[in-house]
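**Q** Here is what each chain is made of, one letter per residue.
Number of protein chains: 4
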Amino acid sequence: MKIPEQLRREVWEANLAIYRAGLVTMHSGNASGVDRRRGLVVIKPSGMDYDKLRSEDMVVTDLEGRKVSGRWQPSVDLPHHLYIYKHRPDIGGVIHTHSNYATSFALLNRPIPVYLTAIADEFGAEIPCVPYADNQGDHMGEGILKYMGNAPAVLLAQHGVFTFGATPRAALKAAVMLEDVAKTCHLALLLGKPRPLPAKEVRKWYERYHTTYGQTRR
Amino acid sequence: MKIPEQLRREVWEANLAIYRAGLVTMHSGNASGVDRRRGLVVIKPSGMDYDKLRSEDMVVTDLEGRKVSGRWQPSVDLPHHLYIYKHRPDIGGVIHTHSNYATSFALLNRPIPVYLTAIADEFGAEIPCVPYADNQGDHMGEGILKYMGNAPAVLLAQHGVFTFGATPRAALKAAVMLEDVAKTCHLALLLGKPRPLPAKEVRKWYERYHTTYGQTRR
Amino acid sequence: MKIPEQLRREVWEANLAIYRAGLVTMHSGNASGVDRRRGLVVIKPSGMDYDKLRSEDMVVTDLEGRKVSGRWQPSVDLPHHLYIYKHRPDIGGVIHTHSNYATSFALLNRPIPVYLTAIADEFGAEIPCVPYADNQGDHMGEGILKYMGNAPAVLLAQHGVFTFGATPRAALKAAVMLEDVAKTCHLALLLGKPRPLPAKEVRKWYERYHTTYGQTRR
Amino acid sequence: MKIPEQLRREVWEANLAIYRAGLVTMHSGNASGVDRRRGLVVIKPSGMDYDKLRSEDMVVTDLEGRKVSGRWQPSVDLPHHLYIYKHRPDIGGVIHTHSNYATSFALLNRPIPVYLTAIADEFGAEIPCVPYADNQGDHMGEGILKYMGNAPAVLLAQHGVFTFGATPRAALKAAVMLEDVAKTCHLALLLGKPRPLPAKEVRKWYERYHTTYGQTRR
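Protein chains in written order, with the numbering used here: chain A, 1 to 218; chain B, 1 to 218; chain C, 1 to 218; chain D, 1 to 218.
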C-alpha cells in the first residue's frame, strides 16, 4: 500500500512543533493526521524521543488501528485519535499534550471561558473540560465526543488536552493557542476576577477571524 | 511606486523580534512602520508563520490602507495601526501583541502603575488600560488615542497590548520592556502590596533615561 | 583499568540534558551511572560549566568513591549517589537537581500526590519528601532510602530532588517529568483544590505505561 | 595605555551570559570588572543591543569614570559600579540586572531569607534589600555598601539587583543563582510558609561549598 508521504511529513512536523513550543516533554503527547481517501492514519510512535524523530519513524495504520507501515509501535493513545476520526469526518488532525497551564485547568475539572478576544478568535466558545475518563476501551474517545463543542479543543480532567483541526497544522495552531490563552487566563485569575466576553462580542471576533483573517481570500 | 526598502527591513526585523522574544505565538501580533515622506505603511501579512516570514512578504499600503506593494493581504489589525499613524504624527512604529503578563492586567481592565524604576525609565507614567473595544470600524483606534498618555504603550481590555515609538525598533523596545515589567509587577502582586514610585522620583529616572542614557550624545 | 566508555557517554549526555531542559543552572545538579559488573560509578565533576563539559571530563570512581579515572574531582554529592547504588541494586542511574517547581514543594516539606495521570504513568505513587538532612556522612543517603517509595523520585526538604532509574537515561526521564508535573500541580494549587486520583485509577495508568507503552514489545 | 584584553573579554562574556540566561532584556542590566593593578574598569556601553555586542565595544575607564578606551559611552550605572570597586577592594566583578523573580522581592522591599540549601551554599546569609535610592550622585552606591552583608548580592527596592564577586565570572554565578533561588522561594511562598534554615545548618553548607566544592583543590 502506498504511504501517504505528504501527510506523514505534516504529522512529523506537527510532532516536532509541539516539542519545540514546549507543550510536551520527554515522550508525552502526540500528533496525528488522517488521509480520508485512503482510510489511513499517521501517528507518532510510542515512547520515542522527539528530538530524534524522523519522518519515516511515523506509524501508519488503518482506521481500525491495524499497522500498515512503519517500524515502530504506534502511540498508546492511538485508539482515542481513531475514535475522533471515525466520529467526526470534518477533523483531519488531532493533537494530545499535557501543556502546563491548560492542564492546570484540567486538573481542577474547570473549563476556560471566553475571557479573551484571542479565545473568541480561535475557539469561538468556552473550552470544555471532559470529566475524568480512564484509559480503557473507548472511554476517553466517548468523553471527548460528548463534551466537544464548537471549540477545536477540550480539556481532559486530571490528564491533559486534545485539540483538533481540518489538518495536523490546524490542530497544532489550536494546541499552541490553547496553552497561550490558558497562561494569560491563569495569570489574571491569580490577580482578580476576569469576566467572560458577552456572546455577541464573541461572535464578532470569531466571524472576523474565520472570514477576513489570513490569506484565504487572495 | 518605489518600495521603502529600509523601512520594510526594519518592520520585518521587528516582527521577527516579537516572535523570538516570546511576545507572540503562531500568527498573533504584528509590527508596522510608516514612511511619512512617501505616505506609506509597512505591516506584517495576515495569518502567516513568523519563522517563515521574509522581508519581501511585508505588505506596503498607503495611509488609507490601499495596498501598494506585496503579494499578501495585510494584517487584519491594519486599520488600528493606520488610525494611530494618522492621529499621532510623532509615531513611526506600532506593535501589537498578546504577551501573557501584560495581557493578564488587560484581562482585568487594570493599568500598571509606576511600581519600578524600569517603568519610570521607559514609560515615565502609568501604563493605561483602554476599556474593551470591538473590532469594528475605528473603535479600537479611537479607544487607544483617547486613553494613550505619555507612556509608549497601552493595554487593551480583554485583548492585548499596543506599543509605539518613533521607529519600529523603538516600539519593539517598549513591547519587550512592557512584558518584562508586567511580569515582575505580577509576581510582586502575588506576594504583597507594592507601592508606586512618587511622581518626583518617576521624573528623575525618566529624565536620566531620555537625556544621558544610550549613545545619542556621542 | 578499562574505562566504561558507553556508560561515560550516557552519563555525560544525561548531564547535558538536565542543563538543556532547564533543570539546573550554573554548576548545580549532577547525573551519575553505575557499571555493576565492574563496580564503577561515573559522575559529573564538581563545579564545572555544563556547556563546556566533555565526555572525558566525567569522573570514574569505585563504589567506595575512590577515583579510578578522570582529571577532575567528582561532584561533592558523590557520597549520596554511592549510598543509593550500594543499597538499591536495581538502580543504575541517579540524578540530582534543584528544579524550581519540584523544589518549591520540597521547600515546604510537602509531597506531590498523584493528582495527574502523568504522575500515575511515570511515578505510580505519591512523590515523597525526605525531611531535611544535612550534608554530613550518610545523612542524606539514609533519608533518601528511608523515604523512597515506589516512585523513581524523592523531594529533599529545603534542598531539591533526586531521581532514579535503571539507567541514567531513565533517571533523566523521571527528572524531566517530575518538574513538568510539579509545575502543573503548582499552577492548579494556586487556583483551587485538586484531588488525587483513586489508587485503583493510578494502577490502571501505571500498568499501561509499564507494559504496553514504548517500543519494548517489538 | 594598554587595554586589559583578558578582562575586557571576561566582561564581554559576562554581559552576553546575563542576556542568554534571561536575566536582562533589551538594554537593561550591565556587567563590569576591575583591573586593580592598572586601576582600570571595563563595563558595557550604554543602551546597546546585547546580541550585537563585541568584546571591543566594552568601555574602559579609570576608577574616577574617565574614559580611557572605547568608542562608546559607558553604562549610566557606571558610578554605582565604581563606588563598589573603590570601597570594596575584595570585589573584582559587579553585575546589575532586573531579573524578574529577584526583583519581585525587591519591589516589595523584602529580603530573601536562607530558605534553601542553595542559598546557604552560594550566599551564606540572607540576601538583603537596600531601601529605595534614587539615581543621583552616590546614593545608590552608599545604600549598597551600607546594606551589603556577606552574601554576594543585594536587592534594590523597586529597582533590581546587584551581585558581586572576585571576578566578573563569580558575579555572574551569583546573578544566575540569585534569580534561580528567588524563583523557587517565590513559588513556595505562593503555596505555604517556608522556614529559613537555622544558622548552624547554613554554616555547614556554606563551608562545604567554599572549601571542598569545585576544582580548586586539585
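Among the clues, some could well be false.
Some, not all, of what chain C presents toward chain A, calculated at C-beta under 10 Å [what the hints assert, rightly or not]: (1) Asp51; (2) Arg54; (3) Leu116; (4) Pro194; (5) Thr212.
If you are wondering where the hints come from, they were derived from the structure by calculation, not from laboratory data.
Note that this is a predicted model, so its numbers are computed, not measured.
Cβ coordinates follow ideal geometry from the N, Cα and C atoms, glycine included.
**Q** With reference to the structure, classify each hint as holding or not holding.
**A** Against the structure, the hints come out as follows:
1. With 10 Å as the threshold, the beta carbon of C:Asp51 stays out of range of chain A, its nearest partner Cβ sitting at about 17 Å, so the hint is violated.
2. The criterion of a C-beta within 10 Å of any C-beta in chain A is not met by C:Arg54, whose closest approach is roughly 20 Å, and the hint is violated.
3. The interface hint given for C:Leu116 holds, since its Cβ lies 6 Å from the closest Cβ of chain A, which is under the 10 Å cut-off.
4. A hinted interface residue such as C:Pro194 counts as satisfied when its beta carbon comes closer than 10 Å to some beta carbon of chain A; here the least separation is about 5 Å, so the hint holds.
5. Given the 10 Å rule on beta carbons, the hint for C:Thr212 holds: about 6 Å separates it from the nearest Cβ of chain A.
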